[in-house]
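Undergrad: Chain residues, written in single-letter form:
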Amino acid sequence: MGNRCAVIGVGQTHYTTRRRDVSMAGLVREAALRALEDAGLTFADIDAVVVGKAPDLFEGVMMPEAYLADALGAAGKPMTRVHTAGSVGGSTALVGASLIQGGVHDRVLVVAYEKQSESNATWALTTHLPFTSSLVVGAGGYFAPHIREYMRRSGAPGHIGTLVAVKDRLNALKNPYAHLRIPGIDRAMVESTPMLWEPIRYLETCPSSDGACAIVLSSERAVTGTPAWVHGGAMRSEPIFRAGRDTVSPQAGIDCAADVYRQAGVTDPRRDLDVAEVYVPFSWYEPMWLENLGFCGVNEGWKLTEAGATALDGDIPWNASGGVLSSNPIGASGLIRFAEAALQVRGMAGDHQVEGARRALGHAYGGGAQFFAMWIVGAEKP
Amino acid sequence: MPSEPNPEINHVLEFPGGYTRSTGPVIGRFLTELRAGRIVGVRTAARKVLVPPLEYDPATGEPVVADDFVEVGPAGTVREWTWVEEPRKNHPLDRPFAWALIRLDGADTSLVHAIDAPAKAMRTGLRVWPRWRHDRIGSITDIECFVPEVTTIVANVRTEYTVTPGAALKRYLDALTRNVFLAGRCSTCAAVYVPYRLSCPQCGSVIEDEVEVGPAGTVTTFAINNLPDPRAPQVPFVSAYILLDGADTPIIALLGSVAAGEVTEGMRVRAVFEGGTVKWFAPEREA
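Note that the protein sequences, when read in sequence, are chains A and B. If you read the first sequence in this note's numbering, its first letter stands for residue 1478, the second for the next number, and so on. If you read the second sequence in this note's numbering, its first letter stands for residue 1098, the second for the next number, and so on.
You may find that some hints are simply not true.
[Unchecked claim] To give an idea of the interface, some chain B residues facing chain A are shown, with a C-beta separation under 7 Å as derived from the structure: (1) Pro1262; (2) Gly1263; (3) Phe1319.
Note that these hints are calculated values from the structure, not bench results. Think of the CB as a built atom: it goes at the ideal place given N, C-alpha and C, for glycine as much as any other residue.
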């Protein structure tokens, strides 16, 4: 895995429907300055900048990394843009970490963002390509069939999705940065909302958010403040049109988890980890990823959710921050998972802190559930 | 006996050429500055800045301080406003607008002027800037109106290009015109891919073996879409993963001739062709 790497600063904007008061440059700078402040550093202390966001067609700004270089203090420094669809926030953190682990740099600023109010993700994901009659309407239209297949295979009761939708929004009420903060959220409220892409209801879907997240990564010798040490990091991808591909529990996710667990010495993730921030944009993806990530056996994920194991007071809290279901600036959503995992093991997660968290998983996936990025961070040096 | 309606006539009373007014030094300076594209106020003895200027302080009746003019604005903040839905002939704008009391930056009083903005943008606290006329004469109407600050722009993105199908896709499309689904079998891993393609996404081998699959198949899973889409005839519509008979990869297609609630996993369906392509898939009826 190379040299030790630590997260020494985390900065987030308050996620919201519209940030009309700032440009994209102003948005990313806000997160970057907060991360630098957390680390007690300035742009002058940064060796390189790595930027991630969703496809350019979302906001229609081509190669935004070029435009954002000034705002991120990257003049005269290496600047890299990472591009792995919805998992990009996680991949961006891992590319940044690799620059530390490989001994190339001592301090790297990692930033990811999306300004969904100036974008139309459903349109961008639904553009009609020539010579095909394939019919997919937005991310929900793509993922709904895979959720349906999970429900059939596992025999999960129909209300499991609503439990996740409620649980993550209750957590969001404890996170001042969360976008969807719905007082009085309960199952009846979720179940009263319309089916958008059956079996996905409106409140079982992530919001469209404006926001940016930034982290400062450091080599061991350059650490300032409170570090979260990287115990392992892994990325995997698989072809979307592979014959025999399991879209409910993709092999790339299983392989990616096995790799990151091996690096971190995790043999039983439910026991060995204290908290997990997992990319759950539609409620049913919690039980699906519980299985894909090996927190339980096949077709058992919904039972953990139903038993409350993943609640903030459960034995393995998932998405204590409120998760993607509560805040979704798409390009940043993966990095937020990674950053929240770091905040937990630094003991800096505020009201949604999981007491005594020492090791945490950050997870992101993207494309047609074909790109995966994960890391495990810990309070102790690996 | 009904009386005739009273006769109606159009009467105009207009002083020939318009009255002449002497501005006096204070108002004259204000109008002269307007003609030059600047807005000034005048200070009172109590150091208040009056915009528009007055010759005598309304608080005390004392003359304002001669020659103590200060440039204000040009931006200001809306303090109060009222909406004019149907502008009259003499109004400054020919479309719905707001009359507003605007406190220009640096002023202690407010100026009445028109604001050209959509109704939903109007609010107390709105920041506005003057829209100047090109030809100015020294009149309050040298400012055509005030307009909100620029906070958003529209960026139109459009790309138009000519695209032709590659060799494999062309063979697939040609076969579709004969109501045939053309697939390719990987000689290494034996998987059958549809649409026909030249390389295996799993093992990378060149695909040389063409096979026909379908046109019947099985629904593996599906979504009921309640959001409208121009490619679907109505809402809700079902987009389904269909494993064509003989293929190893599903295709995603619209289901037709069946109510959304009646679609099931495992349902047998058959392609309905129209105009040389697939219109949708419909349930395969028992013969």
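Undergrad: Against each hint, give a clear statement of whether it holds in the structure.
TA: Status of the hints after comparison with the structure:
1. Pro1262: holds, 5 Å
2. Gly1263: violated, 9 Å
3. Phe1319: B:Phe1319 check passes; min Cβ-Cβ to chain A is 5 Å, inside 7 Å.
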